[in-house]
Amino acid sequence: MRDVAVVSFAQSPPVRSDTIRNEVEILMPVVAEAIERSGIGRHDFGFTCSGSSDYLAGQPFAFVMALDAVGAWPPIAESHVEMDGAWALYEAWVRLQHGDIDSALVYAFGKSSLGDLRDVLTLQLDPYCVAPLWPDAVDLAALQARAGLDAGVFSERDMAAVAVRSRRDAAANPNAQLRDPLSLDDALSGAPTASPLRAHDCPPISDGAAAVVLAAGDLARRVCERPAWIRGIDHRIEPASLGARDLARSPSTALAARHAGLTAEAPPVEVAELHAPFSHQELILRDALALGEGVAVSPSGGALTANPVMATGLIRIGEAARRIIDGTVRRALAHATSGPCLQQNLVCVLEAG
Amino acid sequence: MTELVYGIKTPIRLDYIYVAGQASSRFLTAIAEGRIVGQRCPQCAKVYVPPRGSCPTCGVATGEEVPVADTGIVTTFCIVNIPFAGQAVRVPYVSASILLDGAGIPLFHLVQDIEAHDVRMGMRVRAVWLPPEERTPSMNSIRHFRPTGEPDAPYDAYREHL
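Residue numbers (the working numbering), protein chains in the order written: chain A, 1 to 353; chain B, 1001 to 1162.
Chain A with its partners taken away, still in its complex shape (with noise of 0.2 angstroms):
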């Protein structure tokens, strides 16, 4: 495999509803601000890759739309996933592997407040017998953490546990939406929203963007001091069909974080990026990625405190490799789902020197 770091990371301070500026305006500072710290130049990208998605906006291809923010002339070469930008990353690795080019362009963006994101998220079940009935996104994370309740896997505490200490992080991440303190005494005594999930254990609604600028081998060395280097990464999917899973469990995380070398003997990560968009899920995880008790889990306050959809999964790998080029860590993991209840999992191995 060929060296491949991850050697400039932006993103736009999440809000709930921007009323002033389109996905352009939102995202264009987000681009120019991770093109400038990369030190590469904005027309010698050897590939863009964006994620994002059309439903969110409301608009056939309003992703092309979105490359007004590049600079697309001359004619670059683009791709865009219809996903978490996370897998735009990965495409864009992929890419990098071919050998043929050395740097790689990252973007994604989301404005979930234009519609109502948990009817917007129904159009990705089954049309056929599950769409009709309009499960919203809220509800199916409630029932999936049912099952974890009702298999033993986890307590409400637990929960609740995991909302305090991403409020705590939050406080200290200018990037966090919800950065307000939150007790334990507190969270468990709210009213749920919908049974077991309380307020606090699910996301708020977000609008932003993030873009990271990846490099191999010299140009990585050359333009960075030090590169958080991709030791690996992968992705694997579980059925569509939501009965025929185990909602307590997350074997596709597993899978995905061994294929990406996060093994008993590799030495282990100090800080795990989890995307996970509700309390329970980063339990799920944690448990999958069998994470010990010395991992920082989410120190951004992760997705529970700020979720721009189709971005908060590029924003766990920005915000993991940010600790390796700012030199806190040697050693994260970074984590991004999609689909209902965690269908699809990405795991990256990032590394310093």
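FYI, nobody ran anything at the bench for these hints, they're computed from the structure.
Just so you know, nobody snuck in bad clues.
Once the Cα atoms are required to be at most 20 angstroms apart in a straight line, the calculated EDC-like pairs of lysine to aspartate or glutamate come out as:
(1) 1046(B) / 1156(B)
(2) 1046(B) / 1064(B)
(3) 1009(B) / 119(A)
(4) 1009(B) / 126(A)
(5) 1046(B) / 1160(B)
(6) 1046(B) / 1070(B)
Under 7 angstroms between C-beta atoms, here's a sample of chain A residues computed to sit facing chain B:
(7) 19
(8) 25
(9) 28
(10) 69
(11) 71
(12) 132
C-beta atoms are modelled at their ideal positions from N, C-alpha and C, and glycine is treated no differently.
Got chain A sorted already, so can you dock chain B onto it with the hints?
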């Protein structure tokens, strides 16, 4: 044998409230006031009308607002002869790319008050606005463009915009 299901109805309705963005908002506000504004790229100096807030060529923000005339040149056009549902104008009519004076890219609009077969490349045209009280933040505030009667612009004046 069980009958195959060939179709089911599963009504879907999603409502969206779009955000035009800063650049489009300023453009549409000006249109409601009977003015046309563009934005200039700080790098390549091209004036975008309507502005989208960025230069898609350079990938930078286009902050500087530039007034643009409501007169210009027909760079190219087509004559629409086929009626379709929801058509606002009677066929045949002319859809045109119009390079406004002071603009760096042509915009799309109708050319009327002239026989369709008399429209030509290089023709000078002017916007026909709705009366001020009927104008809204919409391109429909310009009813169409009509010939000014000035001599045609030379080909070199618009060849780069074809």
